[in-house]
Each structure stands twice: as structure tokens, then as C-alpha cells.
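Visitor: Protein chains in written order, with the working numbering: chain A, 170 to 571; chain B, 170 to 571.
These are computed hints drawn from the structure, not numbers from a lab. Since the structure is predicted, the reported quantities are computational estimates derived from the model, not experimental observations. None of the hints are false.
The list treats identical chains as one, so a pair stands whether inside a single copy or across any two.
With a straight-line cut-off of 35 Å between C-alpha atoms, the simulated DSBU-like cross-links for lysine-lysine are:
{"#": "1", "residue 1": "Lys504", "residue 2": "Lys464"}
{"#": "2", "residue 1": "Lys289", "residue 2": "Lys530"}
{"#": "3", "residue 1": "Lys291", "residue 2": "Lys504"}
{"#": "4", "residue 1": "Lys289", "residue 2": "Lys504"}
{"#": "5", "residue 1": "Lys289", "residue 2": "Lys193"}
{"#": "6", "residue 1": "Lys267", "residue 2": "Lys188"}
{"#": "7", "residue 1": "Lys504", "residue 2": "Lys188"}
{"#": "8", "residue 1": "Lys267", "residue 2": "Lys291"}
{"#": "9", "residue 1": "Lys193", "residue 2": "Lys530"}
{"#": "10", "residue 1": "Lys530", "residue 2": "Lys188"}
2 protein chains.
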Amino acid sequence: MTLKFPTGFRGNGVHAGIKSDPGKPDVSLILSDREAVAVGVYTQNLVCAAPVTFDRALTPSESIRSVVINSGIANACTGSQGDDDVRQMAQWVAEACKLDERQTLVLSTGLIGSHLPMEKIKTGIDAAAANLSSDEAALDRTVRGMMTTDTVPKIRGREFQTGGIHYQVTGLAKGAAMIGPNMATMLAVVMTDAPIGLRAAQTALQETVAETFNCISVDGHTSTNDTVLLLANGAAGGQPTQGRTLEGRPLDAFRATLYEVCEDLAQSIPADGEGATHLVTVEIHGCRTRAEAVKVGKTIADSLLVKTAIAGADPNWGRIVSAAGYAGVPFNPQKVSLHINGMLVYERGAPVAFDAEEVSKSMAENRETSLLLILDEGSAAARFWTTDLTTEYVRLNAEYTT
Amino acid sequence: MTLKFPTGFRGNGVHAGIKSDPGKPDVSLILSDREAVAVGVYTQNLVCAAPVTFDRALTPSESIRSVVINSGIANACTGSQGDDDVRQMAQWVAEACKLDERQTLVLSTGLIGSHLPMEKIKTGIDAAAANLSSDEAALDRTVRGMMTTDTVPKIRGREFQTGGIHYQVTGLAKGAAMIGPNMATMLAVVMTDAPIGLRAAQTALQETVAETFNCISVDGHTSTNDTVLLLANGAAGGQPTQGRTLEGRPLDAFRATLYEVCEDLAQSIPADGEGATHLVTVEIHGCRTRAEAVKVGKTIADSLLVKTAIAGADPNWGRIVSAAGYAGVPFNPQKVSLHINGMLVYERGAPVAFDAEEVSKSMAENRETSLLLILDEGSAAARFWTTDLTTEYVRLNAEYTT
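Whole structure, please, built from the sequences with the hints as guidance.
Guide: Dropping the structure here:
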């Protein structure tokens, strides 16, 4: 892992007064010193926030220079004033950084239904722009400005090499609840200094998100604001053979690195899930199609009974197998097998004698729980990450008010 | 409400030793003194229990005489021995009550994956058969033999009159968790002494279940054992004009009564939901189709964020509106309005000024919470009942082991 901004990117995060704690940044700014290819993948919620509508209209683009982010208030369900506010934010960034106003993307996360405190936002944007830096401390401030109930900043960075040039891919993410597949209050910005063409960037991001950020779940609640952005500014140099695209094997190297960064970031979200005591990996093998495998994985991952069983270190295979049964995917129950933490507990439709105490002990002692369900209907597979469900999650979410 | 067996039905519930508490019945038997029309609606879970497979094969039938029920062990995921065991149960009832072995339906509820203690079951069936009665105490024992984590017995009875004859419809149900739409560890037996033909009974039960038992949710987990049975023995007399069917208006009276009994029973399940402090009624109006209304209602009812907000008496309309947005039903977010406990909190896509303290107070002080979401896309509507989600639910389900 190489935790640094890719070449040509700088950033900053400042406290503008949206969050009550003065030690916590709530406005972040990322600036590329040259125009970047920018593509996005957005929430599938019909009720989407103003910044999502704004970014959707601007991307894909070959001329994005900056991303401004605020946390604390989501600017969702805010009507036409919300749309005005997001445009105003982009305008202020343009003024502060001498950009065209169509060169800034906007992300917001936090409470739904409140209007942004625009004076504070303006002060925050100006303060962030005045002190942009490419050092690691600035990267840390930038990601902290995105955080809400996250307990740890989520940054991942990796290098790849092609044509004698080292390229960097760095991703920042936030999210700890209202996380469901199809993205839910989850924001991520992935930056690279590799020269990636528009179409290649869009395809790579969509395919990667489908298998990473869209395969995580904390509570299954798809949020109004989810966004994953990819910015590629080509600042590290290199000769893309077609337009700005790295082709063939070099592009494969980029895609592999993007996948690793996104997979790590995606996992870090349920790993930091509100009140969670287990990160649960649900692997579904032997399906006819990947879509069916995802559907079964999501159903198990979202089952309250499965999640509470894992919180209680209970190898309750009945809840897992029965959750698969109502996923809406056809399979023969007589061929199903299940492993918990590597131990076979259910084989071809029937429970097997296993040491329940040993499995329970391994669940209690490890923060990671692995479920492997094999349907024996085909060769497609999928992986899904989720959390357990604890009394602490309920406490946090019963007390967090509008 | 008239809490009695319909004419010609008797029942009993005994403690056979499946449950550890000797004060709790765990084997129940219902006997009709003549052949009854019997129809069933069953779980849609692919992983279904042995008694579900058994009853599915026997119904619809015009010659059912009895229903035997055990609680404590679900006889689910038990392979071919499970099938043998359920046949054996029907056989023992036939011997004890002098019936044909194809005249008994079997219901089981409880732990998944354990085999039934058949000697205890045999003792229980014989003891129950030896002391069948039509009095109210026997009705109470019968329903208690179905209970698992239920805290209250669920019995509803109503009369209707047609052609000068009084008919009785009495329903028994159990269920407090693993409750999702499409039925989840939920058992119900509805008995009537009206002469209802096979096809009329099947249609009436299916249509009624779709709007009652299939519109409740505690945790969205569809169980392996869900079953609703309707037995009509015609013992109260009357001249069905076609076969054994009450036609036209008289049949309407039966259907209306069946609906009331099933609606009351269905509501009583989330009202008794594990750890629940609120019974939540989610009404969705202004949809294009009823199916879409149900889909939106179910999505809101199953949202952990909505359920925890209600537990915390938080009028968090953002979570409710955003849950509707990811239901997979197309609508215009700018036309959506929401009332919580009768108070308008969100109107045509934007929050309205409302007294949050007053709404919160009404949520805190009432055990029932009402959500009314209006999409303004059409004239179809649906109602859904669910519970809030409390730390107590998580505690119960993290501690209940295999």
C-alpha cells in the first residue's frame, strides 16, 4: 500500500462548522493540476440527493479539475434550493481555484432533509483551497472531511507499472451504515495519474463497482447520496495508444489495481459497520449465473436472523440455508452444502455431525466470519461482505435523530 | 369475537416433553366429527419442511378430519427421516381417532435441523386424542400447543349469519419472529362450520392470505414451515346451492368474516413481535397497482433504519422516503407525501415544518405507529404491518441457539 496522492492531485480537509466537534473536518477539496477524465457510478435510489443529480449531469467528462465534499448534511430531499446550493458550491470552488464552474464535482453525506449552511460551506471551501497539499497529512485531512459515523479513515493506495512508468491509484471512501448493495451512504473517490480514456474508465469503474462496492451491506438500506467517482489525470505520463487509453495488457494492469483498491475500500466499510463485531464474508458457489449468486448472497447478508446469530457466535446453519431458500433463485435444496469458518456443517440437503462448540468458539474468537454456500447448480460464484447485527447498532440508530 | 370451536370441531393441547417447561403444551390435535373441505397456503421458501411437503400433497381435499401440530422442533432440513416422521405422525392420529391416514394434516414449528422425538410425539398424540373437547379451555390448550416464542395465544373468532343459520369462523395462529411476507414461521388454522365448496374455499383463502398474513413482517425472514389451513366441515348445516358452496351474497358474508379473522390474527403476530415496542402500520396509497404498493410497503417495513427510528420514537421521514426510493417501484419523488401518526411531515417531495417533538411524543406514548405514504401515481393501495427493531430483538436472536 502506498498512501499518497497520485501525481498532479492535491487535497485538503477543514472544519467549517457543519459538525459540532471543531476537531473534525467537514469540508474537503481535491484538485487536479490538469484536466482529468472523470466517470461516476451513482445510487439507484429514486430519491436521490441534489449533488447526485448534479454530478450525473456532468459525467462522464474529460475536463474535471476538482471534487468538493461536505459531511454532516446530505443535501437530500431539499427541493430546488438543494439544486441551487450544489451549483453554488461548484461556483465557489471555481472562484477559489480559478476553474470553469463545470469542472467541479460535488459530494455530500449526512442528515437527509436539512439545507446546507451555505456561509459555513463558503468559508470551508476558501480555507481548504488556500492550503491544498499533496502530502500524506493532507490526504488524511481530505478523507476525514468525508466521514460521518465512520470510526476510521478509509484510504487505500496501490501502484502499478507499465511501459517503464510507475502509476498510482489512490482511493478514499466513507460509509458505516445505510449501506446496502447498489450503494448506500457510501462515497468514494478514486484518483489515478494514469492516462485512461473516457470509455475505458467508465467500463472499468462500472465493472469494478458491481463486484466490490455493490457487494457490501450493513443494513441493506440504499441511500440517497451514494457515489463512486474515478478521476484519471494522466499526470504520470505515458503514451496511450488510442486517445488517452492504455490498451491491452497495460490497461489490464490498471484494471487489476483499480479492482484491488476498490475491493479493499469496499471491505473496509462493513468492517467499520456501526456497532458491528464481525465482518462477514458470504461466498456463494455453484450457481448458474453470477447474478443469481449475488442475489443469494445479498439475501443471506441482509437476514436479521443470520446477522444476529453471528453476533451471538451461533453456527445457526438453519437460518442461513433458509435465507437462501427465499432469495427467489431456483435451486435444488437437496444439493446444498454449507461451510462456516471452513468447517462443513450442512451437506447435500442435510445437517452433518459437527463440533458446534468448536465452530462457535472460532466465531467468537475471530472478528471475521466466513460463510461458504455451495448450490451445485453451475459454476458461477459471488462474494458479499456484511456485518453482524448487534444491540449497539440498534442503539446507535434509534438515537441518531432527524 | 366469539372464542369457541365451530360446530363439529374439538381440540386439545398437551405437554409431550418437546419443550422443557412442563407447563407448556407442545402437541395439539384438532378433530372434525365429519369430513371437512381443507385448503392450504404454504411457504414460498424452496427449503421447506417435511410437514409442508406432506400437507401440500394432501390438499386441497374434501375429506380431512384432523390437524396435528407440534411446537419446539420444526422438522425442517431433516431429509428422508423427516418425511418418514411426518407420515408416522399422521398414522398415529389415524389409529388414535380411527381415521384413514390420509385424513390428517401435520404442522410443525420450532428449531430447524433437529429430528422429532418420536416417542414423545406418540405419547402426546395419544394423550391429546384421549381428551378432545369443544370447550373454550380446550381451544386455549390447542393454540398453546402451537406457540414457540409467542407471549400471548392468538385466537380470533367471529360469527356470520345467512339463510337463518349462524356460522362460526375461528382461527388459531402462532408467530413472533422469522416473519416475513410470503409467510414465515407462522402457522394458522382457520375452522368454520359453514358448507364451503373446495374451489370457493381455495380462492377465498388465497385472496385473503395475500392481503393479511402475507402483509406482515417482523424480520423479513421467510420461514421453512409457514402454513395457513382452512377447514370447512359444514356441520352448522345449510343448503349450498352448488355442491357444498355458499353462493353469491352468502359466500360474500363468509369471505368477509374470513378476512376479518385473518386480518386480526395477522396483526396479532407483529403486535407480539420479539422484543417489539411498536406495532407499525405502513399504508401506501396512490400507487399504480396493488403489487407496487405492497412492494413499497414491504421495503419500508423491512428497513432496519426505519425500524430503529421508530424504536427511538424518531419521526425520521428521510429514512422512510429513502426506503421507498429503493423499492424498485417507479414513481416521481416530487409528488410523494408522508404522514406519521396522522401528522403531515413531508409534502410533494419536500419536508414541511412540523412539530417534531409532538410527533415524537405521540410515537413514544403509543404502542401503535401509523405511516401513510402517498405516491400520487394512481389509485391502488396496500397495508403492511410490522414491528420496530429493538436491542431486545437482537438479544433474543443472538442468544437463541441451534
